[in-house]
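Based on the hints, put chain B in the right spot on chain A.
Listed in order, the protein sequences are those of chains A and B. Heads up: the first sequence runs through residues 6 to 602, numbered per our numbering. Heads up: the second sequence runs through residues 6 to 602, numbered per our numbering.
A few of these clues could be false.
Copies of one chain are not kept apart here, so a pair can be met inside one copy or by any two copies together.
The list that follows gives simulated cross-link-like pairs (lysine-lysine, DSSO-like), each with its CA atoms no further than 27 Å apart [to be verified]: (1) 499 x 451; (2) 597 x 581; (3) 298 x 265; (4) 245 x 169; (5) 339 x 350; (6) 135 x 298.
If you are wondering where the hints come from, they were derived from the structure by calculation, not from laboratory data.
Protein chains: 2
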Amino acid sequence: MNISEKITALRRLMKQQGWDAAVISGTDPHGSEYLPERWQQRKWISGFTGSFGTVVVTHTHAGLWTDTRYFIQSRKELEGTEFELHPLRVPDAVDYPQWLAASLPAGSVTCIDGECMTYRQVQLLYQSVKVNSGSIVNRPSFLDEIGRDKSPLPLSPVYVLEPKYSGRETEDKIQWLRRELSTRGCSHILLSGLDQIAWLFNIRSHDILYNPVAIAYALVDSRYATLFITETKVGEGVKKTLRAQGVDIAPYESLTALLKGLSPDSVFMADGDTLNHSLFQFLLSRFSAAGVKDTPSPVILAKALKNPVETEGFRKAFLNDGLAMERFLFWLEKTLEQDIPLTEKDAADKLSWMRTLSPDAMGDSFQYIPAYGPNAALPHYSTAAASYTRLEKKGLFLIDSGGHYLYGTTDITRTIPLGPLTPLEKEDYTVALKGMIALSRAVFLKGTRGTHLDMLAKDPLWRYRRNYGHGTGHGIGHFLCVHEGPQDIRMTWKDQELLPGMVTSNEPGIYREGSHGVRHENILLCKELEENEFGRWLGFETLTLCHIDTSAIVVSLLERGEIEWLNRYNKSVYEKMVPYLTYEESRWLQQKTAALT
Amino acid sequence: MNISEKITALRRLMKQQGWDAAVISGTDPHGSEYLPERWQQRKWISGFTGSFGTVVVTHTHAGLWTDTRYFIQSRKELEGTEFELHPLRVPDAVDYPQWLAASLPAGSVTCIDGECMTYRQVQLLYQSVKVNSGSIVNRPSFLDEIGRDKSPLPLSPVYVLEPKYSGRETEDKIQWLRRELSTRGCSHILLSGLDQIAWLFNIRSHDILYNPVAIAYALVDSRYATLFITETKVGEGVKKTLRAQGVDIAPYESLTALLKGLSPDSVFMADGDTLNHSLFQFLLSRFSAAGVKDTPSPVILAKALKNPVETEGFRKAFLNDGLAMERFLFWLEKTLEQDIPLTEKDAADKLSWMRTLSPDAMGDSFQYIPAYGPNAALPHYSTAAASYTRLEKKGLFLIDSGGHYLYGTTDITRTIPLGPLTPLEKEDYTVALKGMIALSRAVFLKGTRGTHLDMLAKDPLWRYRRNYGHGTGHGIGHFLCVHEGPQDIRMTWKDQELLPGMVTSNEPGIYREGSHGVRHENILLCKELEENEFGRWLGFETLTLCHIDTSAIVVSLLERGEIEWLNRYNKSVYEKMVPYLTYEESRWLQQKTAALT
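The shape of chain A in the complex, shown without the other chains:
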């Protein structure tokens, strides 16, 4: 079926069922950013392959709601279909719940797949449609009824992340979680977030591209800790290790049956922001409103506060990663010098391969963004394999990439001058760098939120009246998802303070449509500095180790303190790398990291 036939088939089903609208989310029962094929319903119905978006089909309209990152890509992918783009994160954006409220007749019926939307998302949708007496029907996997084939669940084996990497025994984490439950008057917690489960039980798997997690649920009470998972994925050794830490295994599909057997007096800690709607409703129907406490899962914050073994692991991961990056940059320069033809994709593939050479490398942490020239004006540029652009010996090449290692996950963006630059390219390179340096050097009181810190990265750009539309920083998991909460650094208010042990990206940029794009991204570890009469002071350690090319800098735009930071940074990169480099590489890096004066 092509897209048009799929829409027609869906509308036929909608008519039969009396639905006015169908909402197709882009996620799975676990709220994942990257999904196994089984749940890629949005891609199936619309052809859009981005990582964020919602599809809505009514009898007269088919729309995709997505944000700035995917405007260009979605326009290309939706071309020739009935789907229209509804832009989000722009002034006066209208999200799909509000659009539905305004577009549907009174008393309308909207169908959802409640397994693939969070409880909170459905609540918000309901708030909107109920104003005009609308209602919601929950019909899991309704696209299967019009011919979508459900792929089977992935079957990647599960393995244990040893304490020398995780820094904390599973049993200890479970005991901590039980204390949290008890403090908050709960008897059970049900977890559906795959990275939360992986962290809690110290397990990893590769069910999902880029995210080293296993499809599973977890249920913990004062006596039992149960992992619901396809059992064939768990070998005898892993089972034994888990059992020794007090973890039982049960079939993935047996969750609701087990829940039905629990005492009706159970009190659940259930996170409406991560649990899917169907499951949350099931809990409400079974244990009543008083038996379901809708609060953020404490695992999210605990996971973000890296322990000393994890932070030491991150340092090692960034050393590996920096070596791969420096070798890649060296190779890129030499290859272009020899006029060997290279596309953006060739470069990205080479970098990915460089990473596989590192000890304990566990794959890419997301789909690389290799963007040359005007392509880099799209912060999340991606294109069909055949249409990547050839690199030339001029202009800027932005490459955003990252890897997993057994002891940490990385994410780095470098913008590489490939030859002569325009004055504006150099200015933008320098001004964006000022933003990155300002955040790197931040000193802040305990209690400071990411929204506060965001201004430090923005201010140097704003003084030159330049800006970027994306967030400045996201949390990063420890050999887990490259995007994790609860903290972030962006203009939008989020009431989460930055805390020692959090690992967060720092990635200001400047993008000029049709011309070029710049982004500099380092990863920061939040640390205690000191306590004085004014409070507890925190700051950052930069984990990323990869030189910043000074040849693209307009030195007169930098202040003394910025130059000092940059020289210190590049020097430390050189010193940490040099023991592992060839003579030729080290001579090259020495030049690249020579101090600016």
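Frame of chain A, contents of chain B only:
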């Protein structure tokens, strides 16, 4: 009666009535910061004279909840009474609704004076006490039942602020408000905020210390605009002017009678954040929930966006005010040189007198804070008239003051070196100044909130690991309240963008208990800068005209851009002042404003 007798009498009443707690707010039916004697109930029961706080009395406890500004003052004023201080705006602060919820038995009864609390405050209180099955009884003026004498309403005459000062005819403002009502599907708006009423009808009065407003209500619908006010306050000329602009006058007490006569189909725009609880409940009982739309009054934002006549008036007011300040600073220096004894209060009185010499001066805009040496470590220092400290020829003297003029209101803090300073005093003086300069020079995208901008003032201090506990900026009325919303600049999130025409203070400080305090305060006008591909850029014009003493500065702590800003600022002060100064004064100011190199 002394405080102890008053508490005993209140508890007797509570026992008779079956109340477990009584809440006494510090405001009036209009939500005012400064109140007429008639409503100073908190002061009567507790003796506390600050401008912010809530008293709660139970059968076993008497408490005052107030914030950092008043910790020292309240401790002094509550000394020897049963009242205990409950600090707010500190880590782990417990506000009185949460305290009551935790302290009262199940099914408790809390008595309030619903005329002197906003609807929102009572809602929040109810949310807390209802968890433990508590209820609330609304008994206006219950302290009168135990012997408090209600003073009569103040009777200051009302006068009209002419269009040459207000910049906009009353009729035009009313027409605008009617369009706002119609857009939002409302037939009526009821206003109780005194500055909102003064702005809407272009009237002023002096019913309240420091705030040039009249005690009144206002009701506007598509045909009528009615001012509810004690009629003897409004002379024939004013009545005629108001009538010509379409405003009717009705007795202050006749409001509810008139409301009762309105069609039950009326739809009210009613601001639960400013309307008092009794009045809001009355509307709900009369017009049902659908007939009362609880939204912020549009007058608050309109009032904050100063029109060109108002901004020009502000510039004139700051010229007058700067002259008074410069003459005061000159006098202070000369007087101390002659070893004439002066207390903090003598200095404040002199400055107040200097302001009265200005054309169109309309009195002080708040109670001056003249704080010498260690006293300045209290950001809101005040003390009994007899115990003000004598100024010496050393250390720092902080004076925070302001005036009203027919064409604008001012607020300024200068920290004045009276002689030799310690290295720490100089450092703190310089570092706090860096914060003020940073915010003055801000360039920001439309959409930026005060919470974002706050970091610009904080960052220079934080780099030296210093901080201040108060907000950085508050809105300022146009010949109205010296503190006004909706915008502010502080760490706490407020979802209000800074907009062109807003006038906001910029007042970072550093305070060292037992030693000294520094604060530098200028007033900023938000302005459009330009629009480019990244968005609309805004910035500030500094309205305040009074030199910043460079003798206290550690020059090595300033960056080149900061020195340039300071030199430009001091130079512009000199140039604007010099036509009005005596020869001796101008020679002195020339020296004071000599460029730092």
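- Using 27 Å as the alpha carbon limit, work out where residue 245 and residue 169 are close: within a copy, between copies, both or neither. Within one copy only: 18 Å inside, 86 Å across.
- Item | Homo-oligomer pair classification [residue 581, residue 597; C-alpha up to 27 Å] | Cα proximity of residue 597 and residue 581: one copy only (14 Å, versus 52 Å across).
- Message: As a check of your reading, is residue 135 near residue 298 (CA-CA no more than 27 Å) within one copy, between copies, both or neither?
- Response: both (24 Å within a copy, 18 Å between copies)
- Task: Could you figure out if residue 499 and residue 451 sit no more than 27 Å apart (CA to CA) within one copy, between two copies, both or neither?
- Result: For residue 499 and residue 451, both the intra-copy (15 Å) and inter-copy (20 Å) Cα distances are at most 27 Å.
- Item | Copy assignment of residue 339 with residue 350, given that the CA separation must stay at most 27 Å | Only inside one copy: residue 339 and residue 350 sit 17 Å apart there, 76 Å across copies, limit 27 Å.
- Task: Up to 27 Å between alpha-carbons, please classify residue 298 paired with residue 265: within, between, both or neither.
- Result: Answer is within; shortest intra-copy Cα gap is 18 Å, inter-copy 44 Å.
Violated hints for the displayed structure: none, as all numbered hints are satisfied.
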